[in-house]
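Number of protein chains: 2
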Amino acid sequence: MKNKIFSEQFIIHKYLRKLNFNKSESYNFRNDGAFIKVPKNNKIIVTNDTIIENVDFFKNDHPKSIANKIVTCNLSDISSMGALPYAYTLSLCFSKNLTNDWLDLFTKNLFFFQKKFNFFLIGGDLSKSDKIIISSNFFGFVNERKILNRSGAKTQDDIWVTGNLGESAIGLKIKQNKIKLKNNEQNYYVNKYLFPNHFCYGNKIINYASSAIDISDGFYGDLNKLIFESNKGAIIESKNLPFSAKTKKLIKDKKVNINYLLSAGDDYELIFTSNPNHSSKIKSIFKNINVKISKVGTVIEKKGVYIDNNKVNFINKSFDHFS
Amino acid sequence: MKNKIFSEQFIIHKYLRKLNFNKSESYNFRNDGAFIKVPKNNKIIVTNDTIIENVDFFKNDHPKSIANKIVTCNLSDISSMGALPYAYTLSLCFSKNLTNDWLDLFTKNLFFFQKKFNFFLIGGDLSKSDKIIISSNFFGFVNERKILNRSGAKTQDDIWVTGNLGESAIGLKIKQNKIKLKNNEQNYYVNKYLFPNHFCYGNKIINYASSAIDISDGFYGDLNKLIFESNKGAIIESKNLPFSAKTKKLIKDKKVNINYLLSAGDDYELIFTSNPNHSSKIKSIFKNINVKISKVGTVIEKKGVYIDNNKVNFINKSFDHFS
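Chains as they are written, first to last, in the numbering used here: chain F, 67 to 389; chain V, 67 to 389.
Incorrect hints may appear among the rest.
As the list makes no split between identical chains, a pair holds if one copy fits it or if it spans any two.
What the hints assert, rightly or not - The calculated lysine-lysine pairs, modelled on DSS-like cross-linking and capped at a C-alpha distance of 30 angstroms, are:
#1 K89 / K212
#2 K248 / K321
#3 K194 / K361
#4 K80 / K369
#5 K305 / K321
#6 K291 / K270
#7 K349 / K318
#8 K130 / K194
#9 K270 / K305
#10 K194 / K244
#11 K181 / K130
#12 K80 / K130
#13 K291 / K244
#14 K212 / K84
#15 K318 / K361
#16 K89 / K291
#17 K89 / K369
#18 K246 / K194
#19 K84 / K291
#20 K353 / K182
#21 K314 / K358
#22 K103 / K270
#23 K103 / K291
#24 K320 / K248
#25 K244 / K162
#26 K377 / K80
#27 K244 / K312
#28 K174 / K291
#29 K353 / K246
For the record, the hints were derived by calculation from the structure and aren't laboratory data.
Same shape as in the complex, but just chain F (with noise of 0.2 angstroms):
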């Protein structure tokens, strides 16, 4: 019966199929494929991001954690490009000891997702495998002609960072039983890393923004990603890197590293730079919707990272997949 449980069919027909929201572009997942009609004046934003046990979550990791962490990356993405999300597709590897409760919470945190966000399940493909992989392709819209990306920075332009950094890497650091903690600290950080937020609001600063990236890979390497693909430079002043008053005790206290904080991946926030004058223009849009919004440096025309003056060292910095 176990097998007959979870055929291909059933899967989507108990789990799936509730998430295409009846759009005719999923055809109802009854086709070769789907379709997406685009606005006028609108472009497609693609992104691509997949999450493998044991390398971007642990095994036994809440499978709404799973859920989120798939939602939350992409969609990451498609605000760092200013779009708007409006569809994406699955390809969920599974092993044949999936039960009906993982089914059933991964599905639900995905349905609290597409309803939170406004995106719909177009299509996928289901597979065997021994651990749980899953990729997935977003779909977003843009203006076409207000498309964000790394490398619009110009020298002068202020550099922004939305919300507090280094938390999620906290919590994969006591996960990892690397770092011990007060138990309701603990809980504090490790939420953060298992349920991570992004900033979402990529769509409301593209025309103040000049370039933008997610903080996918950590502060320092996403930061020189940026700086890089503008040809300039940055400084940046660590008084105003932004922490919570939390995280900067630990730091006071020295129980983290700072310079971990700010090469450690997931903070799913944004740097962006913008022409100083937008500033005001930039903290008014940030006080209507709640998010913190910190302005921690200056683009600059000598290449480089540098932190009060102090040049960053990019060997390792940076976190690789690879390496």
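With chain F held as given, fit chain V onto it using these hints.
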């Protein structure tokens, strides 16, 4: 040094960059995503297929074969919806043991198919994994009023099949040491398994076909999906089913079972239905493109698939990735 060689940036720079054909849509793989701009009056078709080591191919299969498979299974879906290929994303999960030679051969064959069928790599993701897992989304364009799908078959429509059936399925049995043939015969069929061709002219029949499906899960199963979605039945005449002379001899000599050949996957031929009035037009199209076409049966009002008046029992007849 080995880790250094296979950094993500190295793989992108040395092997993947050339696959974007310098198209601006890919941002040269230097952004959080890519964009698609759709020609007027067209829709984008999206397909998603994943292939996994030890499931869809054998561990030591030639890298050219693995590239061939990820392209063919997706292009076959694009063609079956009447679309022309445009671009694709690749989510590549590789182990660290991968060699330069492997990557070189794999990407060279991707390049070959891209040139042949006119599409380019728009983006993707690289991850670490014990096994090779490749997931891909393909994008194609089709006139928005001419999308082919599974649900348009009408009673009395002709049922057509392109090419020959069952050759890849015989190759698989040989690879599994379940059939033993003469050496040159073995090579012929194993090649059909390793290097499948898809029917690539779906776009040529969009004005004549009422429904279509590609054969990726076996003729029986896919025909059943088509008539189920069209809410019809089908009568098939076994004498008209297309097998090569070589395969007909194996069936006659009882080396292979015809039911197996009709139930196994990976033909990547097209089943389509069409009004009998279009019969001569269809023959002339297939003469022009020099592809074998066979009228194998008729759509009927009564549900079910009948071969020479015997109803086909579908239990275990259609391949299911989870059963």
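For each hint, the structure was consulted:
For the identical chains of this complex, K89 and K212 are neighbours both inside a copy (27 angstroms) and across copies (19 angstroms), given an alpha-carbon limit of 30 angstroms. In the homo-oligomer, the alpha carbons of K248 and K321 lie at most 30 angstroms apart inside one protomer (12 angstroms), although the nearest pairing across protomers, at 70 angstroms, exceeds that limit. Taking the shortest Cα distances, K194 and K361 never come within 30 angstroms of each other, neither inside one copy (47 angstroms) nor across copies (35 angstroms). In this assembly of identical chains, the alpha carbons of K80 and K369 lie at most 30 angstroms apart only when taken from different copies (25 angstroms versus 54 angstroms within one copy).
In this homomeric assembly, K305 and K321 come within 30 angstroms of each other (Cα to Cα) only inside a single copy, at 18 angstroms, whereas the closest approach across copies is 77 angstroms. Proximity of K291 to K270 under the C-alpha cut-off of 30 angstroms is restricted to the intra-copy arrangement: shortest distance 23 angstroms within a copy versus 44 angstroms between copies. Proximity of K349 to K318 under the C-alpha cut-off of 30 angstroms is restricted to the intra-copy arrangement: shortest distance 28 angstroms within a copy versus 79 angstroms between copies. Taking CA atoms no more than 30 angstroms apart as the test, K130 paired with K194 passes in both settings, with 21 angstroms inside one copy and 23 angstroms between copies.
In the homo-oligomer, the alpha carbons of K270 and K305 lie at most 30 angstroms apart inside one protomer (27 angstroms), although the nearest pairing across protomers, at 64 angstroms, exceeds that limit. In this assembly of identical chains, the alpha carbons of K194 and K244 lie at most 30 angstroms apart only when taken from different copies (23 angstroms versus 33 angstroms within one copy). Taking the closest pair of Cα atoms, K181 and K130 come within 30 angstroms of each other only inside a single copy of the chain (15 angstroms); across copies the shortest separation is 42 angstroms, beyond that limit. With identical chains, the CA atoms of K80 and K130 are at most 30 angstroms apart within one copy only, with a shortest distance of 17 angstroms there and 37 angstroms across copies.
In this assembly of identical chains, the alpha carbons of K291 and K244 lie at most 30 angstroms apart only when taken from the same copy (29 angstroms versus 53 angstroms across copies). In the homo-oligomer, the alpha carbons of K212 and K84 lie at most 30 angstroms apart only across protomers (27 angstroms), although the nearest pairing inside one protomer, at 33 angstroms, exceeds that limit. Taking identical chains as interchangeable, the C-alpha atoms of K318 and K361 lie at most 30 angstroms apart only when both belong to the same chain, with a minimum of 22 angstroms there against 78 angstroms between chains. For the identical chains of this complex, K89 and K291 are inter-copy neighbours only, at 20 angstroms across copies versus 37 angstroms inside a copy, given an alpha-carbon limit of 30 angstroms.
For the homomeric pair K89 and K369, the shortest alpha-carbon distance between copies (27 angstroms) is at most 30 angstroms, but the shortest distance inside one copy (48 angstroms) is not. For the homomeric pair K246 and K194, the shortest alpha-carbon distance between copies (28 angstroms) is at most 30 angstroms, but the shortest distance inside one copy (37 angstroms) is not. In the homo-oligomer, the alpha carbons of K84 and K291 lie at most 30 angstroms apart only across protomers (20 angstroms), although the nearest pairing inside one protomer, at 39 angstroms, exceeds that limit. For the homomeric pair K353 and K182, the shortest alpha-carbon distance inside one copy (21 angstroms) is at most 30 angstroms, but the shortest distance between copies (53 angstroms) is not.
Taking the shortest alpha-carbon separations for K314 and K358, only the intra-copy value of 16 angstroms comes in at or below 30 angstroms, while the best inter-copy value is 71 angstroms. Both within a single protomer and between protomers do K103 and K270 lie at most 30 angstroms apart by alpha-carbon distance, with minima of 23 angstroms and 22 angstroms respectively. Taking the shortest alpha-carbon separations for K103 and K291, only the inter-copy value of 25 angstroms comes in at or below 30 angstroms, while the best intra-copy value is 33 angstroms. When the C-alpha separation of K320 and K248 is checked against a cutoff of 30 angstroms, the pair qualifies only within one copy, where the shortest distance is 15 angstroms, while the shortest distance between copies is 72 angstroms.
Within a single copy, K244 and K162 get their C-alpha atoms only as close as 33 angstroms, which misses the 30 angstroms cut-off; across copies the closest is 25 angstroms, which meets it. Only between protomers do K377 and K80 lie at most 30 angstroms apart by alpha-carbon distance; the minimum there is 29 angstroms, versus 55 angstroms within a single protomer. Proximity of K244 to K312 under the C-alpha cut-off of 30 angstroms is restricted to the intra-copy arrangement: shortest distance 18 angstroms within a copy versus 64 angstroms between copies. Within a single copy, K174 and K291 get their C-alpha atoms only as close as 35 angstroms, which misses the 30 angstroms cut-off; across copies the closest is 28 angstroms, which meets it.
In the homo-oligomer, the alpha carbons of K353 and K246 never lie at most 30 angstroms apart, since the shortest distance is 35 angstroms inside one protomer and 73 angstroms across protomers.
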